[in-house]
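Sequential numbering from 1 applies to the sequence shown in our numbering.
In case anyone wonders, no lab produced these hints; they're calculated from the structure.
Check before you lean on any hint, since a few could be wrong.
As a list, the in silico DSSO-like pairs of lysine-lysine whose alpha-carbon atoms are at most 27 Å apart [stated by the list, open to error]:
(1) Lys133 x Lys64
(2) Lys63 x Lys50
(3) Lys130 x Lys64
(4) Lys130 x Lys63
(5) Lys133 x Lys63
Just so we're clear, the structure is a prediction, and the values are computed from it rather than from any experiment.
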Amino acid sequence: MAEVLPDWSPSVIEDSKILIIGASGGLGTALVNMLLQGSECCIGAHGSSKTCEYDDVRVTPLKKSFYSENDCVDVVDEFVEIVGGIDALVCLNGAIHFSGHWMNIPAAMWERDIDLNLNQTFYLARAAMKEMKREGKGGRIILNGTESALHGGSA
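Sequences and hints are given; from them, build the entire structure.
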């Protein structure tokens, strides 16, 4: 199915450096494509399971799985090193691995989901904020997790 984009594009300050975690998912792909249409910015397109390939020099593909806080810090540091800073972090990662009633979720699966949907997002935001403060110019952090990051929609 072809991607359908709205008839508007987000506009950000020229040369903004935006790291998008989950850029290989549905919302992440749409956001990268919309930013490419409407803004002159540097985009870090992160995917944990596949590399985000774009035929545009404004996009820096980053591929890394997150198993620890250090992995989260490393992807922020890698982006900063490549593009020279960070102005925004957009987290669109997440998943819900158990589809049954929450009373029946195995402990290991619960902990996996908490790690993915809460811990990793926290570590990424903290690493980005630390760098934004170091740069002395502030920035934006947008966190959107779990299934809505994959598919969009509402409850």
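Status of each hint after checking the structure:
{"no.": "1", "hint": "Lys133 x Lys64", "result": "24 Å, holds"}
{"no.": "2", "hint": "Lys63 x Lys50", "result": "7 Å, holds"}
{"no.": "3", "hint": "Lys130 x Lys64", "result": "20 Å, holds"}
{"no.": "4", "hint": "Lys130 x Lys63", "result": "22 Å, holds"}
{"no.": "5", "hint": "Lys133 x Lys63", "result": "25 Å, holds"}
Checked against the numbered hints given earlier, this structure breaks none of them.
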